[in-house]
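S.K.: Chain residues, written in single-letter form:
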Amino acid sequence: MTKIALNLISGRTIQQGVAMEGGKEKDAYTKACGIIEMDISDLKKLGAYRNTNVRVTSKHGSVVVKAIEATQGPHPGLAWIPLGPWANSVTDPNTYSTGMPTFKGVPIEVEIAINEKVLSSVELVQKKCRGEI
Amino acid sequence: MTKTVTDVICPFCGTLCDDLEVVVSDDGKTIVDVYNACAIGAEKFMHSQARDRVKRPRMQQPDGTYKEVSYDEAVEYTAQMLANAKKPLMYGWSSTSCEAQSVGHEIAEKVGAIVDNTATVCHGTTLIAVQDVGIPSCTLGEIKNRADRIIFWGCNPAHAHPRHQSRYSIFPRGFFTNKGHKNRKVVVVDPRRTDTAKMADYHFQIEQGRDYELLSAFRVAVRGEWLPDTVAGISKERIYEAAEMLKSGRFGIIFFGMGVTQSLSKNHNIDEAIMLTKDLNDYTKFSIMAMRGHYNVTGSGQVMGWQFGFPYATDLSRGFARYNPGETTSNDLLVRGEVDAVFVLGSDPGAHFPISSVKKISQLPSVCVDPHITPTSEVSKLHVPVAFVGVEVGGNCYRMDNVPIDARKVVDPPEGMLTDEEFLTRVNKRLEQLVAVT
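Just so you know, the sequences run in chain order A and B. Residue numbers are given in the working numbering: position 121 of the first sequence equals residue 121, and the series is strictly consecutive. Residue numbers are given in the working numbering: position 215 of the second sequence equals residue 1215, and the series is strictly consecutive.
None of these hints come from the bench; they were simulated from the model. Yeah, the Cβ is synthetic: ideal placement off N, Cα and C, and Gly gets one too. The hints are all genuine.
Under the rule of at most 27 angstroms between Cα atoms (straight-line distance), these lysine-lysine pairs were calculated in the DSS-like manner:
no.: 1; chain 1: B; residue 1: Lys1185; chain 2: B; residue 2: Lys1236
no.: 2; chain 1: A; residue 1: Lys26; chain 2: B; residue 2: Lys1055
no.: 3; chain 1: B; residue 1: Lys1029; chain 2: A; residue 2: Lys26
no.: 4; chain 1: B; residue 1: Lys1359; chain 2: A; residue 2: Lys66
no.: 5; chain 1: A; residue 1: Lys117; chain 2: A; residue 2: Lys59
no.: 6; chain 1: B; residue 1: Lys1359; chain 2: A; residue 2: Lys31
no.: 7; chain 1: A; residue 1: Lys66; chain 2: B; residue 2: Lys1198
no.: 8; chain 1: B; residue 1: Lys1381; chain 2: A; residue 2: Lys127
no.: 9; chain 1: B; residue 1: Lys1359; chain 2: A; residue 2: Lys59
no.: 10; chain 1: B; residue 1: Lys1067; chain 2: A; residue 2: Lys26
no.: 11; chain 1: B; residue 1: Lys1055; chain 2: A; residue 2: Lys127
no.: 12; chain 1: A; residue 1: Lys127; chain 2: B; residue 2: Lys1359
no.: 13; chain 1: A; residue 1: Lys127; chain 2: B; residue 2: Lys1067
no.: 14; chain 1: A; residue 1: Lys26; chain 2: B; residue 2: Lys1381
no.: 15; chain 1: B; residue 1: Lys1359; chain 2: A; residue 2: Lys117
no.: 16; chain 1: B; residue 1: Lys1144; chain 2: B; residue 2: Lys1182
no.: 17; chain 1: A; residue 1: Lys45; chain 2: A; residue 2: Lys117
no.: 18; chain 1: A; residue 1: Lys117; chain 2: A; residue 2: Lys66
no.: 19; chain 1: A; residue 1: Lys3; chain 2: A; residue 2: Lys127
no.: 20; chain 1: B; residue 1: Lys1055; chain 2: B; residue 2: Lys1067
no.: 21; chain 1: B; residue 1: Lys1359; chain 2: A; residue 2: Lys26
no.: 22; chain 1: A; residue 1: Lys44; chain 2: A; residue 2: Lys66
no.: 23; chain 1: A; residue 1: Lys59; chain 2: A; residue 2: Lys31
no.: 24; chain 1: A; residue 1: Lys44; chain 2: B; residue 2: Lys1198
no.: 25; chain 1: B; residue 1: Lys1110; chain 2: B; residue 2: Lys1086
no.: 26; chain 1: A; residue 1: Lys59; chain 2: A; residue 2: Lys127
no.: 27; chain 1: A; residue 1: Lys66; chain 2: A; residue 2: Lys3
no.: 28; chain 1: B; residue 1: Lys1198; chain 2: A; residue 2: Lys31
Not close to chain B: a few residues of chain A, all C-beta gaps over 10 angstroms, as computed:
no.: 29; residue: Lys66
no.: 30; residue: Ile68
no.: 31; residue: Glu111
Bound-form chain B, shown alone (with noise of 0.2 angstroms):
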């Protein structure tokens, strides 16, 4: 008889839905099936049953191909590795637990690194944006409850955050949205005719790289003054129509994502947005939120917030916490060959970051700290596999709308495997041998 563990927690994207249901095989050691998961989440929880699945870390050979060695020679590596670089980057973060987290900057701390999370090539930018300009925030259940009048802005939930329309954005019926998507008018400004704007009331479909140029016209907009015929591809008349329609709301939001912060003017698109939202909170209620991609980016932030001061390019190499970004981030350090080793946790450079950064991550010592085989793990001198948070171990994240949510242990990890948390821990204790700490 299988049983099911209900409110299990998605460790996938920021939505970070708590309302799955997955259905275990007798001795609560084989995942049988997931319920009301989107696609990806989905294929997470299955994927960590995979029978060729790495349950012991391997080290890179000479000749480029990998020998499995033992959990004790691995953390001696890591610790050896972290104890001689001088000035070492230890980046990723944003798919593991707050608990690991907070045992990897205290290394960091301890061995003078560089801390970084995925923020540094997704929303690094709005956190700049946020320094500069404040932001104007709510929570996801304000959203559902309230808002009706929706802005997706460089972002694509029906494909990054697949169920986030219908828990909390477009089709969700709540306390003073009962009509569910009747109650919302939705915008969606993309330059492709995305999946999520074939669902919105008004769709612009912007010249490629001119947000900057939107968002000021609907500020212009929003003041009644004058525009010129056309911005960034959009006819004056449907911007006035549009800041009218939303200026006629109850309550609004604007989701932004990669299209802003990944495109030309990057933070400076997102003081824009911000000071858009701040304009429209002089005729109704209005709010911005970043549509933050890694299920626990948000913790990192907030963990490195709390313990130094940073949401993420924090270097320690002084013995001081220090950030600034362009100088102090992990493609920057990467490609103008500052950092003499890199440890990755949590993340991919190896797929996601520019192959100029890539390839200075091969060509030093390195070490991955994933559960799957991936680019970067194919690089890395070492590849230590650990169990899957959320999946087969708890801890601790943070929501897109910074509300803290524990994830649930669903099944045990293959037999002898350690944690992040585990795995972080041994290491640091290696290294209090290792550094003299003052």
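Chain A with its partners taken away, still in its complex shape (with noise of 0.2 angstroms):
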């Protein structure tokens, strides 16, 4: 299975913004939060078409969300994960004694998982929670 690296940050969208508000435990915020934007590029070198599941990986953890074309790109070689449980599953949580943990520049490896599922984010985080993923 073709893996490649990227550089990941994290941050706001307002699609990110408006879900939230509307409730995170509803379907909204997993499709707005719950996703990857990669450059198309990056998706070609993947061999994965837009909209497919992928797992992302990094030094400190690892999920799945669903990989779709960067929406303010172009950006080879960065990832995009807005902020949300999603994103933090592989965050680098390293503050450096500065007290805020390193969101932005993350190198993490992304793999094609067709068959895996995006959880939402109650269940992410609880289930992360339990160690039972």
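Both chains are given apart, each in its own frame, so use the hints to dock them into the complex.
M.R.: This is the structure we're talking about:
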């Protein structure tokens, strides 16, 4: 299976903001944030169609999200997951004595996970906390 | 016949828009429509009306499900948890009023807690930088009326502060900027071609994490000194050109966001951005401002500042206020296992902290006070729903430029529901009985 290495950043999108205020337990929040925006050239390298589920893995964790084409690109080599529990499943918790985890600039690997499901925010956080995934 | 409530404050982002119009039903109980708000602000008002809203506190059962309990039981659990903990963490505070924050701080002092707000994962590094080198800032009104050079560094207000550009930074016609955006030159520095960048005159698509280098290069270019051919992926010609453009303005402003505060170098990035502002003041008038996220995170910093002397991460466990980012900040405390209870109000660390910190919260006695169901509420031992500040109860809030604005109440909360301040006041009263105060 092809794996590609990317640099992950996260942050707000307006869809994330609207879905968050509409309820983080709802499907709209999963649709807004359980995604990874990748440059079209990186999707080609991965050999993935748009809207394919992928597994994102870093030194700090792993999560399944849906890969979509970058909405604010082009940004080859850079991947974007909107802020939320999906991004925070793989983000770098090191604060280097500043109190601030390193949310931007996390080396990740992405591989196709067509048969795996994108979990809802509550399910994802509860399962991670219980150590089930 | 519906009624329209005018001049409503939007309790979403730090822009704290104060021109919303909310249409309420004849009996004044239901919000029918919201005008002038951005998509996120409108959704916040409308979601307060959701039929499936949780209206009573819920306690986690041994099998992980939640059972409804009374507010009295919730007050008792919270007070007992805080009284029995050796070093509780009281986190959040950014989505509530200054009045509620003040009561929360009283509780924290009583039980020897650590009080930390969302700046810890947002502009905490900015606050460290401000303590290091100071900050030349201004109000958003001055920017609207005077600024003709606008820099957005590592921030994307088109998505995060949707009305910022139309109210203050790019489009408004001000007293000395009567041609609106035609009077202004806009620079965006971002590793993505963001929707804000699409509106800019100059977009510097920086290599991610190289903000310190590019800020330093701008300082060099402002002085007309030597630069290598490219810095952070940007050619020296473009840097020199932008530096001259900035110097030729009458009033400039740097807005910065998570792109600089959360990337490596962190507070040093902001040190450098503030020093660039200082350098530019040798040629023209320049200011710098943090794009604060939550609508009252600035207020939390203010209240904590005037009560304890520090803007976030204040440790009261020794009976006096200490502050040491890296030691007394939420994520460091959680990951190192240094707290034995967690109280969250007005924030959602379950969604916005790294998962390693969230796991620790789920293992500790924990209370989440939040109107919504959130990942935090669903891993905490107790969830206390409260009224929405700025929708169902008023209160003081601080805009991103440190201007205090009173939020207005639009409709009543569901019957019997407490506000943040009422819940905290009841916990505080119970703690007076539980904790001996010397």
